[in-house]
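**Student:** For reference, the chains in residue letters:
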Amino acid sequence: MTDLLALIVAKYNYWLYVILMMIGLYAMIAKNNLIKKLVGMNIFQTAIILFYISIGYKKNATLPIIENVHGTGGGHIYAIDYINPLPHVLMLTAIVVSVATFGVAMALAVRVYQRYKTLEEDELRMRLSEK
Amino acid sequence: MYWPIDLIVLTFVIFCAIAAIVVKDLLATAILFGAYSFMMCLLWAVMGAVDVAFTEASVGAGVSTVFFVAAIFRTSRRTKD
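First to last, the sequence lines map onto chains A and B.
Going by our numbering, 59 is the number at position 59 of the first sequence; the sequence numbering is gapless.
Going from the second sequence to our numbering is simple: count from 1 and add 131.
What the hints contain is simulated information worked out from the structure, not anything from laboratory work.
Do not take every clue at face value.
[Claimed, not checked] For lysine to any residue, the following SDA-like pairs were computed, each having C-alpha atoms within a straight-line distance of at most 25 Å:
1) A:K11 x A:L25
2) A:K117 x A:A107
3) A:K59 x A:L7
4) A:K58 x A:K117
5) B:K211 x A:K58
6) B:K155 x A:Q45
7) B:K155 x A:Y113
8) A:K59 x B:K211
9) A:K59 x B:I139
10) A:K11 x B:K211
11) A:K117 x A:V96
12) A:K58 x B:A176
13) A:K58 x A:I77
14) A:K131 x A:G103
15) B:K155 x A:I77
16) B:K155 x A:K59
17) B:K211 x A:G103
18) B:K155 x A:M21
19) A:K58 x B:P135
[Stated by the list, open to error] Residues of chain A placed beyond 10 Å of chain B at every Cβ, according to the derived structure:
20) A6
21) G75
22) I95
23) E130
Quick reminder that beta carbons are idealized off the backbone N, C-alpha and C, glycines included.
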């Protein structure tokens, strides 16, 4: 039991990411307003990005910038001294994609509002079934 | 990564996320969502991902909050849930 508890406490950040992801999933499924659903989608995306950044982290390592590359040389470069930059680069792309998705979704929400004068999902469904 | 900072900022992130989806006014959601993005940027700076951190600060907390506020002014602030 104490082993399990120690495991849960040691990996606290993963549990909190799971909580964040489930908040996003709940907002996407259960909320009635379209804008709230978009916020839920973005929370879900940032939870996943957070998970990926956190698996690139190392203890006692520094930022992945090599000093004196063209300088004196001689010193060896060890990968264990630097944080893994591969997840950073991948997630940089994911952030840009998520903002583009957010912008397009907002534009669609504005069009939906101009046509139906509402953003609530149940009212939209009612308007659609009237026709 | 100094773990108390990480834990405190992560708690703020979760608090902002919950507040952003339960609040009844969409403009308040926009501002809370900007605060959420900025806390996320702090978290990435703590984890050593500085490039991701300043992209998030400019693009996530800046541009998407502007998009959000512009969209709300073109639609309505009211929401039922």
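**Student:** It remains to establish, for every hint, whether it holds in the given structure.
**Tutor:** Quick rundown of the hints versus the structure:
The suggested pairing of K11 (chain A) with L25 (chain A) holds, with an alpha-carbon distance near 22 Å, which does not exceed 25 Å. Simply put, K117 (chain A) and A107 (chain A) have alpha-carbon atoms about 15 Å apart, close enough for the 25 Å limit, and the pair holds. Distance check on the hinted pair: K59 (chain A) and L7 (chain A) sit about 18 Å apart at the alpha-carbon level, within 25 Å; holds. The straight-line distance between the Cα atoms of K58 (chain A) and K117 (chain A) is roughly 51 Å, outside the 25 Å bound, and the hint therefore fails.
Between K211 (chain B) and K58 (chain A) the alpha-carbon distance is near 45 Å, which puts this suggested pair outside the 25 Å criterion. Proximity of K155 (chain B) to Q45 (chain A) is assessed by CA-CA distance (about 23 Å); at most 25 Å being required, the pair is judged to hold. This hinted pair checks out: K155 (chain B) and Y113 (chain A) have alpha carbons roughly 18 Å apart, not beyond 25 Å. Proximity of K59 (chain A) to K211 (chain B) is assessed by CA-CA distance (about 46 Å); at most 25 Å being required, the pair is judged violated.
Distance hint between K59 (chain A) and I139 (chain B) is fulfilled; the C-alpha atoms sit about 19 Å from each other, no more than 25 Å. Between K11 (chain A) and K211 (chain B) the CA atoms are separated by roughly 37 Å; this puts the pair beyond 25 Å, and the hint is violated. Annotation: proposed proximity of K117 (chain A) to V96 (chain A) is violated, straight-line Cα distance about 30 Å (limit 25 Å). Under the criterion of a C-alpha separation no larger than 25 Å, the hint pairing K58 (chain A) with A176 (chain B) is consistent with the structure, at around 14 Å.
Annotation: proposed proximity of K58 (chain A) to I77 (chain A) holds, straight-line Cα distance about 16 Å (limit 25 Å). Using a Cα cut-off of 25 Å, the hinted pair K131 (chain A) and G103 (chain A) is violated, with the two alpha carbons roughly 30 Å apart. This hinted pair does not check out: K155 (chain B) and I77 (chain A) have alpha carbons roughly 54 Å apart, beyond 25 Å. Proximity of K155 (chain B) to K59 (chain A) is assessed by CA-CA distance (about 42 Å); at most 25 Å being required, the pair is judged violated.
Distance check on the hinted pair: K211 (chain B) and G103 (chain A) sit about 23 Å apart at the alpha-carbon level, within 25 Å; holds. Restraint check: the Cα-Cα separation between K155 (chain B) and M21 (chain A) comes to about 21 Å, which is no more than 25 Å; the hinted pair holds. With a C-alpha separation of about 17 Å, the suggested pair K58 (chain A) and P135 (chain B) falls inside the 25 Å cut-off, and the hint holds. Every C-beta of chain B lies more than 10 Å from that of A6 (chain A), the closest at about 15 Å, which supports listing it as non-interface.
Consistency note on G75 (chain A): stated as away from chain B, and its beta-carbon is indeed over 10 Å from all of that chain's, at 21 Å minimum. Residue-level check failed: I95 (chain A) sits 6 Å from the nearest beta carbon of chain B, not beyond 10 Å. No beta-carbon of chain B comes within 10 Å of the beta-carbon of E130 (chain A); the shortest separation is about 19 Å.
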